[in-house]
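Undergrad: Protein sequence lines correspond, in order, to chains A and B.
End of the first sequence = 195 in the numbering used here, gap-free, step of one.
End of the second sequence = 195 in the numbering used here, gap-free, step of one.
Treat the hints with care, since some could be wrong.
[What the hints assert, rightly or not] Ranges between beta-carbon positions, derived for each pair:
| hint | chain 1 | residue 1 | chain 2 | residue 2 | range |
| --- | --- | --- | --- | --- | --- |
| 1 | A | 151 | B | 158 | 29 to 35 Å |
| 2 | B | 155 | A | 32 | 29 to 35 Å |
| 3 | A | 134 | B | 25 | 30 to 36 Å |
| 4 | A | 32 | B | 71 | 55 to 61 Å |
| 5 | B | 166 | A | 47 | 42 to 48 Å |
| 6 | B | 162 | A | 147 | 53 to 59 Å |
| 7 | B | 57 | A | 49 | 38 to 44 Å |
| 8 | A | 36 | B | 145 | 24 to 30 Å |
| 9 | A | 147 | B | 144 | 54 to 60 Å |
| 10 | B | 67 | A | 148 | 52 to 58 Å |
Note that these hints are calculated values from the structure, not bench results.
None of the values given here were measured: they were computed from a predicted structure.
Ideal Cβ placement from N, Cα and C applies to all residues, glycine included.
So you can see what is in the structure, the chains are spelled out below.
Number of protein chains: 2
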Amino acid sequence: MKGIVGNEMGRLFVVSGPSGVGKGTLIKRLFSRLEGLALSVSATTRSPRPGEIDGVNYHFYSREQFEEGIERGYFFEYAAYNGNLYGSPAEGIVQQREAGHDVMMEIDVQGAMHVHELAPDAVLIYLKPPSLAELERRLRARRTESEERIQGRLAAALFEESFLARYNYVLVNDDLTIAEEILGAIVKAERKHKK
Amino acid sequence: MKGIVGNEMGRLFVVSGPSGVGKGTLIKRLFSRLEGLALSVSATTRSPRPGEIDGVNYHFYSREQFEEGIERGYFFEYAAYNGNLYGSPAEGIVQQREAGHDVMMEIDVQGAMHVHELAPDAVLIYLKPPSLAELERRLRARRTESEERIQGRLAAALFEESFLARYNYVLVNDDLTIAEEILGAIVKAERKHKK
């Protein structure tokens with residue numbers, strides 16, 4: 001696919017998966033060994049969790065900042081969940097792709113469906129836990145979440161799995177080394193054979 | 001995992017996906033470039049479709065032969081669908097794995113669930129079409145199936161997709177070259193990091 005300036009458009013890789021499955025760790029490892037791939041960091045009005053860094057995990061915005069961003073067309077897409085706003089900055093996606101750079105974004109299933117409507121050539125990748133019991137164990141190991149929040153995340157994971165057929169790739173994150181190799185193989189194969 | 005004779009057990013790769021998705025072509029291409037992987041060919045009492053070869057696509061058995069096989073414990077697992085019997089010869093799976101060889105089998109979703117119960121360490125891979133519309137196009141291009149059969153296969157594909165969360169990997173077979181690379185990466189990564 002050609003960009004507006006005539007060069008080859010970069011590919012868009014969308015990574016989803018339940019909270020606690022290890023998306024962040026896996027993407028960090030992937031970026032440490034792949035060249036020429038840009039990461040699109042989402043923006044949100046929710047509060048940072050302990051250990052989350054502004055500009056790395058999310059761009060943390062006030063509601064006023066976020067709404068101002070919506071008004072001036074800053075977001076590629078945005079949505080509201082649980083009373084908070086979440087969005088993907090267009091400059092991190094549209095502009096990078098137009099310049100021929102491949103972009104990866106980490107976004108939940110509903111966001112991914114939204115992105116897919118706007119960019120039907122996006123490669124959708126879902127990272128799943130070996131089982132919901134294992135996901136529960138990982139969420140508890142974080143020690144940052146209340147019992148109610150853990151139960152909410154498990155229910156969300158079950159709901160998200162009903163969208164698996166909409167993804168191009170689903171891979172289990174059981175062994176991090178294997179998952180990293182296969183995610184890398186997907187990115188490399190899809191980049192090599194650009195559409 | 002250790003086999004009964006103390007050596008490292010071979011891995012079991014189970015490939016499922018709707019009729020017409022291209023499992024056969026993909027597996028044939030994979031076997032032409034991977035060493036040390038054995039293919040387990042299923043047995044069935046159904047009639048061969050035009051072009052199907054005994055011992056390659058299936059072992060075609062009479063009902064008497066099949067029932068005799070069941071009696072002498074020839075099958076790892078078997079099941080009946082649409083009035084026909086389908087089974088996986090144990091010698092192609094259990095014995096090969098015990099000898100340390102990796103085995104790949106092509107089997108439908110219900111068979112895969114059955115195999116997974118008997119071999120929980122099996123790596124389950126689902127090959128999906130880009131869309132059901134594209135699957136329909138591929139089935140029609142075969143010119144071997146009646147309209148009723150095509151509709152039945154599409155309904156089966158939709159049903160099978162409800163099992164995606166039970167698979168370790170799901171990949172779309174849109175571009176054969178990409179699918180082959182990624183299936184190869186899965187097999188290589190899983191073999192390298194034996195459990």
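Undergrad: None of the hints should be skipped; say for each whether it holds.
TA: Hint check results:
{"no.": "1", "hint": "A:151 to B:158: 29 to 35 Å", "result": "holds (31 Å)"}
{"no.": "2", "hint": "B:155 to A:32: 29 to 35 Å", "result": "violated (45 Å)"}
{"no.": "3", "hint": "A:134 to B:25: 30 to 36 Å", "result": "holds (34 Å)"}
{"no.": "4", "hint": "A:32 to B:71: 55 to 61 Å", "result": "holds (57 Å)"}
{"no.": "5", "hint": "B:166 to A:47: 42 to 48 Å", "result": "violated (36 Å)"}
{"no.": "6", "hint": "B:162 to A:147: 53 to 59 Å", "result": "violated (30 Å)"}
{"no.": "7", "hint": "B:57 to A:49: 38 to 44 Å", "result": "violated (53 Å)"}
{"no.": "8", "hint": "A:36 to B:145: 24 to 30 Å", "result": "violated (45 Å)"}
{"no.": "9", "hint": "A:147 to B:144: 54 to 60 Å", "result": "holds (56 Å)"}
{"no.": "10", "hint": "B:67 to A:148: 52 to 58 Å", "result": "holds (56 Å)"}
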